[in-house]
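2 protein chains.
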Amino acid sequence: MSLRYAKRMDNIKASEIRELLKLTQKPEIISFAGGLPAPELFPVEELEKVSSKVLEEQGTTALQYGPTEGYEPLRVEITKRMEKVGVECKPEDILVTSGSQQGLDFSGKIFLNPGDIVLCESPSYLGAINAFKAYEPEFIGVPTDENGMIMEELEDILKNNDRVRFIYVIPDFQNPSGRTWSIERRKRLIELANEHNVAIIEDNPYGELRFEGEYYPAIKHYDTEGRVIFLGTFSKIFCPGLRLGWVCAEEEVLNKFVLAKQGSDLQSSTISQMQVAKFLEEYDIEAHIENLKKVYKKRRDLMINTMKEEFPEEIKFTNPEGGLFTWVVLPEYMNARDLAVKAIEKNVAFVPGGSFFPNGGNENTLRLNYSSMDDEKIVIGIKRLAEAIKSMMKESQKA
Amino acid sequence: MSLRYAKRMDNIKASEIRELLKLTQKPEIISFAGGLPAPELFPVEELEKVSSKVLEEQGTTALQYGPTEGYEPLRVEITKRMEKVGVECKPEDILVTSGSQQGLDFSGKIFLNPGDIVLCESPSYLGAINAFKAYEPEFIGVPTDENGMIMEELEDILKNNDRVRFIYVIPDFQNPSGRTWSIERRKRLIELANEHNVAIIEDNPYGELRFEGEYYPAIKHYDTEGRVIFLGTFSKIFCPGLRLGWVCAEEEVLNKFVLAKQGSDLQSSTISQMQVAKFLEEYDIEAHIENLKKVYKKRRDLMINTMKEEFPEEIKFTNPEGGLFTWVVLPEYMNARDLAVKAIEKNVAFVPGGSFFPNGGNENTLRLNYSSMDDEKIVIGIKRLAEAIKSMMKESQKA
Numbered sequence: 001m002s003l004r005y006a007k008r009m010d011n012i013k014a015s016e017i018r019e020l021l022k023l024t025q026k027p028e029i030i031s032f033a034g035g036l037p038a039p040e041l042f043p044v045e046e047l048e049k050v051s052s053k054v055l056e057e058q059g060t061t062a063l064q065y066g067p068t069e070g071y072e073p074l075r076v077e078i079t080k081r082m083e084k085v086g087v088e089c090k091p092e093d094i095l096v097t098s099g100s101q102q103g104l105d106f107s108g109k110i111f112l113n114p115g116d117i118v119l120c121e122s123p124s125y126l127g128a129i130n131a132f133k134a135y136e137p138e139f140i141g142v143p144t145d146e147n148g149m150i151m152e153e154l155e156d157i158l159k160n161n162d163r164v165r166f167i168y169v170i171p172d173f174q175n176p177s178g179r180t181w182s183i184e185r186r187k188r189l190i191e192l193a194n195e196h197n198v199a200i201i202e203d204n205p206y207g208e209l210r211f212e213g214e215y216y217p218a219i220k221h222y223d224t225e226g227r228v229i230f231l232g233t234f235s236k237i238f239c240p241g242l243r244l245g246w247v248c249a250e251e252e253v254l255n256k257f258v259l260a261k262q263g264s265d266l267q268s269s270t271i272s273q274m275q276v277a278k279f280l281e282e283y284d285i286e287a288h289i290e291n292l293k294k295v296y297k298k299r300r301d302l303m304i305n306t307m308k309e310e311f312p313e314e315i316k317f318t319n320p321e322g323g324l325f326t327w328v329v330l331p332e333y334m335n336a337r338d339l340a341v342k343a344i345e346k347n348v349a350f351v352p353g354g355s356f357f358p359n360g361g362n363e364n365t366l367r368l369n370y371s372s373m374d375d376e377k378i379v380i381g382i383k384r385l386a387e388a389i390k391s392m393m394k395e396s397q398k399a
Numbered sequence: 001m002s003l004r005y006a007k008r009m010d011n012i013k014a015s016e017i018r019e020l021l022k023l024t025q026k027p028e029i030i031s032f033a034g035g036l037p038a039p040e041l042f043p044v045e046e047l048e049k050v051s052s053k054v055l056e057e058q059g060t061t062a063l064q065y066g067p068t069e070g071y072e073p074l075r076v077e078i079t080k081r082m083e084k085v086g087v088e089c090k091p092e093d094i095l096v097t098s099g100s101q102q103g104l105d106f107s108g109k110i111f112l113n114p115g116d117i118v119l120c121e122s123p124s125y126l127g128a129i130n131a132f133k134a135y136e137p138e139f140i141g142v143p144t145d146e147n148g149m150i151m152e153e154l155e156d157i158l159k160n161n162d163r164v165r166f167i168y169v170i171p172d173f174q175n176p177s178g179r180t181w182s183i184e185r186r187k188r189l190i191e192l193a194n195e196h197n198v199a200i201i202e203d204n205p206y207g208e209l210r211f212e213g214e215y216y217p218a219i220k221h222y223d224t225e226g227r228v229i230f231l232g233t234f235s236k237i238f239c240p241g242l243r244l245g246w247v248c249a250e251e252e253v254l255n256k257f258v259l260a261k262q263g264s265d266l267q268s269s270t271i272s273q274m275q276v277a278k279f280l281e282e283y284d285i286e287a288h289i290e291n292l293k294k295v296y297k298k299r300r301d302l303m304i305n306t307m308k309e310e311f312p313e314e315i316k317f318t319n320p321e322g323g324l325f326t327w328v329v330l331p332e333y334m335n336a337r338d339l340a341v342k343a344i345e346k347n348v349a350f351v352p353g354g355s356f357f358p359n360g361g362n363e364n365t366l367r368l369n370y371s372s373m374d375d376e377k378i379v380i381g382i383k384r385l386a387e388a389i390k391s392m393m394k395e396s397q398k399a
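Sequence lines, in order, name chains A and B. First residue of the first sequence: 1, per full-length UniProt numbering; consecutive thereafter. First residue of the second sequence: 1, per full-length UniProt numbering; consecutive thereafter.
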């Protein structure tokens, strides 16, 4: 017996990262592979308190169906988060989603016919590419440098492709590269999107986790025609286990997202939304974020400094100003997938970078996460990784 | 500015029920419109206790990312629920979803190319039709009688349409009709599906809420080739606010659902899954379900008996053996949408039945929910509805 599946299923592969994460759940593994926030910083006690309060005060509401758009007090709280990235909006501009991943799926559902083109940074977030693939688009990876997408390249691509439906970007501490877009590029992106009538999907899970320097306004801050769809999440500033994120967009576009939500799962968890709203009302999320930043900054410094000390000179890596990831570029003759096998033998895991390129190639790159391992593990893990790199280099020279 | 949306968005309309529910949230309205479980029966205190326990004992795990497939102890508990409907399965056959609505969306995503055909009962669940519409199928509503789909009609349709990808059915206490499939029809459905190599989506949110008579085995119980995909949910036996449901299917098919889940929202809420698993371990869900059945049976009896007393003889309605709904058929010259306007004036709400027919028509039908209103409101509401019906009949006779 073999059932007949939709054509789109030929495109959808298991996420290499999620599969890798399964392999690396042994406790002896030092994992730089996932994008996990540090669990020891989760506000567990506070959540227990608000959880009890919500159930005591509004138990039956918390366990009942609620509106598709989301729990009103949480939508109000989300407008405050949007303010922090320079976006003024009303609660009606917010749809609560099950993580920002759901916003990615809906973006594909709403905008993409088969054969339409998605532009994204090269490299880009694997989970987004996988979500969009279900809607059978083609991908063009736009070359990037340390200031984000290269605007001349983007302009060229837009001029030569009239089936571009949206440009997908992660402007702050990008996953996987750790890079941040300059303000000039943000403004220019809006001009080009206006000119070519395409939407922009701005995915911003890490924007509030800036360790140094000044906050840049979100791309949506510069939006003049309501064509930027902003995806936010509580996963990185609060915790991912509750699965709560949001879409912020103008009325016409947001209505489409609400329709997608209705068909997909009716609504996000009523009780989780009430818990997070209550937490934001009763506790100081800004202080919590400050603490996250302090810890993550220290871990980043430790990882970067250990890499500087231990890695051979030919190995390049980014020094992100925030977020969870740094990006390593090996010499071109090296393959990060082979390195990953060697590293796993030494009980160290990371994600090879090739998967982050929608059109393939770049097998000499890899992504390292520094948020989820403690100081000692970061040092040991990077030292082991350095050994693996050096031994691979030696083998290549012999061959 | 107008962005260009995917063609599929032309098909997707706001659910009439969800829109209606918004209008009927005024406290003075007696609503038979939604499909809401009785909130006063939610196990609020028990949930508060398990919630605290989960956070105290495994707080960091509960708030962290978890596996796409679902929390293992919950998958084990779900196999016990499947046993109750006569399906033996392993935890690996279960994917935890965000309500069974998400299983419907994934069914469309996995099986449907544009123009493929979905067969469903006529009438059928509006939320399923809306979910499938995103994948641009055509619908054929198969005629039904008091024992489910009429098998001769189904066979004819299968013989004459080679693009049928799946048959969508709600065999127990169907939404909206309240009807239950006979065992003979269940068996015959499997034979026909095998013969024509189509999948069956068995949506079973109410199966455990049988007030009288014996349980029928799920259609999946009779599945000989692994072509039945069973969708279950905790919404009706526990509470809907947590948004937890499941898919039970054979390995090959379930893998496709897991891929869909990964792209759509990575996973369902870790903490909610742990809470429900803990509840099922520590409390007696069977006793809870017995209590639900007792209350709902009483409300059904009250609604049916009041309708018998108050409605004119020409009005027909089903007497469901379980679930949440009864189905009313007015004389053909009457329109239930007009009646709904009249009823709302009397502060009574219901859902006109026309929307439940994928190919339209049947405007003289309506759906009544008896689970969410207390005894007094049921009697008052039905009396008011009877008045509205009688006054509309009089007007028609005059005209």
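Keep in mind that the hints were calculated from the coordinates and are not lab data. Each hint should be verified, as a subset may be incorrect.
Said to hold, decoys possible - No more than 20 angstroms apart at the CA atoms, straight line, and that leaves these computed lysine to aspartate or glutamate pairs for DMTMM-like:
1. B/LYS53 - A/GLU286
2. A/LYS13 - B/GLU250
3. A/LYS13 - B/GLU251
4. B/LYS49 - A/ASP162
5. B/LYS7 - A/ASP338
6. A/LYS80 - A/GLU310
7. A/LYS297 - A/GLU286
8. B/LYS53 - A/GLU56
As the list claims (entries may be wrong) - Computed from the model, here is a short list of chain A residues facing chain B with C-beta under 10 angstroms:
9. ALA14
10. GLY34
11. GLY245
12. TYR333
Glycine included, C-beta positions come from ideal geometry on N, C-alpha and C.
Self-check item: Straight-line alpha-carbon gap B/LYS49 to A/ASP162, limit 20 angstroms
Solution: Roughly 57 angstroms separates the two Cα atoms, so the pair is violated.
Exercise. Compare the distance between the alpha carbons of B/LYS53 and A/GLU286 with 20 angstroms, and conclude whether the hinted pair is satisfied.
Key: Violated, at roughly 28 angstroms.
Quiz item: Within a Cα-Cα threshold of 20 angstroms, do A/LYS80 and A/GLU310 meet the stated pairing?
Solution: Answer violated: A/LYS80 to A/GLU310 is near 43 angstroms, above 20 angstroms.
Exercise. Against chain B, run the beta carbon of A/GLY245 and see if the smallest gap drops under 10 angstroms.
Key: Hint on A/GLY245: holds, closest Cβ of chain B at ~9 angstroms, below 10 angstroms.
Self-check item: Satisfaction of hint between A/GLU286 and A/LYS297, Cα-Cα up to 20 angstroms
Solution: 16 angstroms, holds
Quiz item: Taken at face value, is the distance from the CA of A/ASP338 to the CA of B/LYS7 at most 20 angstroms?
Solution: 43 angstroms, violated
Quiz item: Within a Cα-Cα threshold of 20 angstroms, do B/LYS53 and A/GLU56 meet the stated pairing?
Solution: Given pair B/LYS53, A/GLU56 holds - Cα atoms ~16 angstroms apart, limit 20 angstroms.
Quiz item: Do the alpha carbons of A/LYS13 and B/GLU251 lie within 20 angstroms of each other, as the hint requires?
Solution: Roughly 16 angstroms separates the two Cα atoms, so the pair holds.
Quiz prompt | Interface hint for A/TYR333, Cβ within 10 angstroms of any Cβ on chain B | solution = The hint is violated - A/TYR333 has no Cβ within 10 angstroms of chain B, the shortest such distance being about 33 angstroms.
Quiz item: Do the numbers back the hint for A/ALA14, that is, is its least Cβ distance to chain B under 10 angstroms?
Solution: 6 angstroms, holds
Exercise. Classify the hint on A/GLY34 as holds or violated, based on whether any CB of chain B lies nearer than 10 angstroms to its CB.
Key: 7 angstroms, holds
Exercise. Below or equal to 20 angstroms on CA atoms is what counts here, so check A/LYS13 against B/GLU250.
Key: Satisfied, since the Cα-Cα distance of roughly 19 angstroms is no more than 20 angstroms.
Taken one by one, the earlier hints fail for this structure at numbers 1, 4, 5, 6, 12, listed in ascending order.
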